[in-house]
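There are 2 protein chains.
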Amino acid sequence: MELHHRAIMRSAKLFQDISDEEYEALINCLSPRIKHYAKNEILLLTEDSVQHLGIVLAGTASAYLDHVSGSQTLISNLPPLSIFGEVLVSTRMHRSPVTIHAASDVTSVFIEYKRIYSMCEVACSVHRMFLQNVLKIIGDKYFHLFDRIAVLREKTLRAKIMTYLYTLSGNGDAKTVTIPFSKTVLADYLLANRSALSKELKKMEDDGLIVVKKRKIELAF
Amino acid sequence: MELHHRAIMRSAKLFQDISDEEYEALINCLSPRIKHYAKNEILLLTEDSVQHLGIVLAGTASAYLDHVSGSQTLISNLPPLSIFGEVLVSTRMHRSPVTIHAASDVTSVFIEYKRIYSMCEVACSVHRMFLQNVLKIIGDKYFHLFDRIAVLREKTLRAKIMTYLYTLSGNGDAKTVTIPFSKTVLADYLLANRSALSKELKKMEDDGLIVVKKRKIELAF
DNA sequence: TTTATTTTGTTGCCTTGGCAACTAAATTCT
DNA sequence: AGAATTTAGTTGCCAAGGCAACAAAATAAA
Chain A
35 MELHHRAIMR SAKLFQDISD EEYEALINCL SPRIKHYAKN EILLLTEDSV QHLGIVLAGT
95 ASAYLDHVSG SQTLISNLPP LSIFGEVLVS TRMHRSPVTI HAASDVTSVF IEYKRIYSMC
155 EVACSVHRMF LQNVLKIIGD KYFHLFDRIA VLREKTLRAK IMTYLYTLSG NGDAKTVTIP
215 FSKTVLADYL LANRSALSKE LKKMEDDGLI VVKKRKIELA F
Chain G
35 MELHHRAIMR SAKLFQDISD EEYEALINCL SPRIKHYAKN EILLLTEDSV QHLGIVLAGT
95 ASAYLDHVSG SQTLISNLPP LSIFGEVLVS TRMHRSPVTI HAASDVTSVF IEYKRIYSMC
155 EVACSVHRMF LQNVLKIIGD KYFHLFDRIA VLREKTLRAK IMTYLYTLSG NGDAKTVTIP
215 FSKTVLADYL LANRSALSKE LKKMEDDGLI VVKKRKIELA F
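Protein chains in written order, with the working numbering: chain A, 35 to 255; chain G, 35 to 255.
Derived from the structure by calculation, the hints contain no laboratory data. One thing to keep in mind: the hints can contain errors.
To be verified - Derived DSS-like pairs (lysine-lysine); straight-line CA-CA distance at most 27 Å: (1) K247(G) with K237(G); (2) K250(G) with K189(G); (3) K170(A) with K189(A); (4) K247(G) with K217(G); (5) K69(A) with K47(A); (6) K247(G) with K189(G); (7) K148(A) with K189(A); (8) K189(A) with K217(G); (9) K217(G) with K236(G); (10) K248(A) with K209(A); (11) K73(A) with K189(A); (12) K250(G) with K237(G); (13) K189(G) with K237(A); (14) K236(A) with K247(A); (15) K189(A) with K236(G); (16) K170(A) with K250(G); (17) K189(A) with K237(G); (18) K217(A) with K189(G); (19) K233(G) with K189(A); (20) K236(A) with K189(G); (21) K170(A) with K148(G); (22) K233(A) with K248(A); (23) K233(A) with K189(G); (24) K148(G) with K47(A); (25) K148(A) with K170(G); (26) K250(A) with K236(A); (27) K236(A) with K209(A); (28) K189(G) with K189(A); (29) K148(A) with K47(A); (30) K217(G) with K233(G); (31) K47(A) with K237(G); (32) K236(G) with K189(G); (33) K189(A) with K237(A); (34) K47(G) with K170(G); (35) K47(G) with K148(A); (36) K247(G) with K209(G); (37) K237(G) with K189(G); (38) K170(A) with K47(G); (39) K170(A) with K237(A); (40) K170(G) with K217(G).
These figures come from a predicted structure and were not determined experimentally.
Make a model of the complete structure from these sequences and hints.
Below you can see the structure in the form of structure tokens.
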């Protein structure tokens, strides 16, 4: 594994609260493997057997929930330093619930689950910190799904949008939010019709609730 | 902690793949505390600071997502041996995203997060197994939310119901499923109107898709 | 820069299913 | 067992928003 990849990976949440020395020892132990993907290539298919935890080092990938009908629902964007596959670390089946594909050219690193488990004897305390980080990351992901459900359960489209923006603003902390995807994808994310979303955003602007400037939205509520 | 409580707790997923001896040592170390709740009492409020992992030993509790408007959305039922609060083990804030209340009289046991972390030195290998179990449980919970989203993203009520029943049947394994709650609550769970649900179930029965017998539903698809 | 592709706004029509209101049936409580 | 409460079925009305189709604007590719 090349040095600059090591350096990038260093700042992944996975290695938080781990010293530089421990980090070096750890990645030797974990022996991560680098892979490159061209835009639109598939990193992972639904139902694939997953034996690796992945970290996006460069580019952005997207995770989709596949539908029987062939349609897809965006679950999350994976910008650099995102972790994926970690929820499967401990499940019996290790089957991916999502399809992940490269939204741009992507560089990703993979760590075998086995390695994660088998290193305990060697470095118990670091291992513990590492597992704790994995736990934290999974917890965060869980809360993201939770936020999603908080949005989806709203009955009206406006309430969905409001809830989404509120969550995006860190529960009211920021006055301006930047939507991390296009309006087309946002509609998809909110499980709404794109034209309906377009209409409603306009209405909300008329009602003085928000000001839409491309992907930036000023909140006035 | 009384013996029969120990015995019940023994079969919680949390202690899977841990020997009887290890189990005994473990719970001494974890020093769990028992609490009793009368029906409708609150175990946990949204935004509560959570420092304990809980296990339901007897009775059933329910986790709800609170809404600004005061309405609630059922997230999950917690029958005996369910774990709760475990997702927060590693998050910074330890704030509960849900309100949990006793659907019947409930006996529950609590384990401090601290204990979970601080036992490593004493029993590394058991600790590892235990953390792995926590990881697995969180993973499972994650997938439950996932299933929920798979249901919610369906556009038509019928599709929602179908997806729900399919998931409930173990992806087609069982021909008969038992809905774990009343139709009223089911409507709530599907984020649909109760009367609409009633109508649609009847229609589906007319179309020969299902046979509804109280809470048991035969699947013919 | 020119072309191709994707994103966005906008309109009208029409279906899904939310809502209220009431009755009946089924549980639970005492 | 009888009363009280909760759950379930049924109806008609109506609004939210899905869908299709098109044009314009903006991005990306060549």
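Now for the hints, and whether the structure bears them out:
no.	hint	verdict
1	K247(G) with K237(G)	15 Å, holds
2	K250(G) with K189(G)	25 Å, holds
3	K170(A) with K189(A)	31 Å, violated
4	K247(G) with K217(G)	12 Å, holds
5	K69(A) with K47(A)	20 Å, holds
6	K247(G) with K189(G)	26 Å, holds
7	K148(A) with K189(A)	44 Å, violated
8	K189(A) with K217(G)	19 Å, holds
9	K217(G) with K236(G)	13 Å, holds
10	K248(A) with K209(A)	16 Å, holds
11	K73(A) with K189(A)	36 Å, violated
12	K250(G) with K237(G)	17 Å, holds
13	K189(G) with K237(A)	23 Å, holds
14	K236(A) with K247(A)	12 Å, holds
15	K189(A) with K236(G)	23 Å, holds
16	K170(A) with K250(G)	39 Å, violated
17	K189(A) with K237(G)	23 Å, holds
18	K217(A) with K189(G)	19 Å, holds
19	K233(G) with K189(A)	19 Å, holds
20	K236(A) with K189(G)	23 Å, holds
21	K170(A) with K148(G)	15 Å, holds
22	K233(A) with K248(A)	15 Å, holds
23	K233(A) with K189(G)	19 Å, holds
24	K148(G) with K47(A)	21 Å, holds
25	K148(A) with K170(G)	15 Å, holds
26	K250(A) with K236(A)	14 Å, holds
27	K236(A) with K209(A)	19 Å, holds
28	K189(G) with K189(A)	13 Å, holds
29	K148(A) with K47(A)	20 Å, holds
30	K217(G) with K233(G)	12 Å, holds
31	K47(A) with K237(G)	50 Å, violated
32	K236(G) with K189(G)	19 Å, holds
33	K189(A) with K237(A)	17 Å, holds
34	K47(G) with K170(G)	9 Å, holds
35	K47(G) with K148(A)	21 Å, holds
36	K247(G) with K209(G)	13 Å, holds
37	K237(G) with K189(G)	17 Å, holds
38	K170(A) with K47(G)	20 Å, holds
39	K170(A) with K237(A)	39 Å, violated
40	K170(G) with K217(G)	31 Å, violated
Of the numbered hints given earlier, the model fails hints 3, 7, 11, 16, 31, 39, 40; all others are met.
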